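Under UniProt numbering, the first residue of the sequence shown carries the number 1, and numbering increases by one thereafter.
These are calculated hints, taken from the structure and not from any lab test. These figures come from a predicted structure and were not determined experimentally. Don't take every hint at face value.
FRET-style restraints, in silico, Cβ to Cβ [stated by the list, open to error]:
(1) Gly121 with Arg151: 24 to 32 Å
(2) Gly55 with Ser147: 34 to 42 Å
(3) Leu51 with Ser25: 13 to 21 Å
(4) Leu150 with Leu36: 37 to 45 Å
(5) Thr75 with Gln161: 47 to 55 Å
(6) Leu150 with Gln63: 32 to 40 Å
(7) Ala8 with Asp65: 15 to 23 Å
(8) Arg151 with Ala4: 22 to 30 Å
(9) Ser147 with Cys41: 24 to 32 Å
(10) Tyr68 with Gln154: 35 to 43 Å
(11) Ile168 with Ala103: 29 to 37 Å
Pairs of lysine-lysine, BS3-like flavour, derived with a Cα cap of 30 Å [unchecked claim]:
(12) Lys171 with Lys181
(13) Lys171 with Lys156
(14) Lys156 with Lys181
Glycine included, each C-beta is placed from N, C-alpha and C at the ideal position.
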Amino acid sequence: MTSAWDAAWHTRSPIYQPLLEAAHSLSYSHDNWPDLEDYNCLLQAASPPILTHNGKPVRCVPQADDHYEQRAYLTGEVQTRTHNWHDLFNTLVWRVFPRTKAAINLMHYRTSQENPQPAVGRGTARDVLTLFDESGVVIACAQDELSDMLRQHQWKSLFWQRRSEVDINMKFLSSAIPFMKRLCSLTSA
1 MTSAWDAAWH TRSPIYQPLL EAAHSLSYSH DNWPDLEDYN CLLQAASPPI LTHNGKPVRC
61 VPQADDHYEQ RAYLTGEVQT RTHNWHDLFN TLVWRVFPRT KAAINLMHYR TSQENPQPAV
121 GRGTARDVLT LFDESGVVIA CAQDELSDML RQHQWKSLFW QRRSEVDINM KFLSSAIPFM
181 KRLCSLTSA
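Take these sequences, add in the hints, and give me the full structure.
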């Protein structure tokens, strides 16, 4: 599905903060979507280079019917649609969190080799990997008491009553591609 381009997407929410530097370095016209060449320039400019777990340089290629994770692991080719928020964010997440993406890709590959034809869908292990890959949040916390409240699911106390401490002592890094994509569609409407 093709979506309208919004050049100011990165200004609409703090959730995009980890992606800002990579987003700014994309060489695209503010009137149009970046293309595969733009995505590949972004990935190739990284130092150290962005590699799969088996050492293949990551690059964006047109979407095909090949198995996405297996192809990415074996060749470094990440199937990418243009004019697509999901794939824009996926490319940015590869740029910003390359070791995390490579580790997730490795686990997808290994799981698919161990169980090439699960009874339903991808199978539980790959579903869990996909949930973290596309909806995960990594939380860094400098205060044990706040960490304990998080683990104990004391959401209202933590995020409402102690929100000023949360702002100072906690950082949230997300690779929640579907959420970022949805937020773009809500804020640009």
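Hint by hint, here is what the structure shows:
no.	hint	result
1	Gly121 with Arg151: 24 to 32 Å	holds, 30 Å
2	Gly55 with Ser147: 34 to 42 Å	holds, 36 Å
3	Leu51 with Ser25: 13 to 21 Å	holds, 19 Å
4	Leu150 with Leu36: 37 to 45 Å	holds, 39 Å
5	Thr75 with Gln161: 47 to 55 Å	holds, 51 Å
6	Leu150 with Gln63: 32 to 40 Å	holds, 38 Å
7	Ala8 with Asp65: 15 to 23 Å	violated, 35 Å
8	Arg151 with Ala4: 22 to 30 Å	violated, 41 Å
9	Ser147 with Cys41: 24 to 32 Å	violated, 40 Å
10	Tyr68 with Gln154: 35 to 43 Å	holds, 38 Å
11	Ile168 with Ala103: 29 to 37 Å	holds, 30 Å
12	Lys171 with Lys181	holds, 21 Å
13	Lys171 with Lys156	holds, 18 Å
14	Lys156 with Lys181	holds, 27 Å
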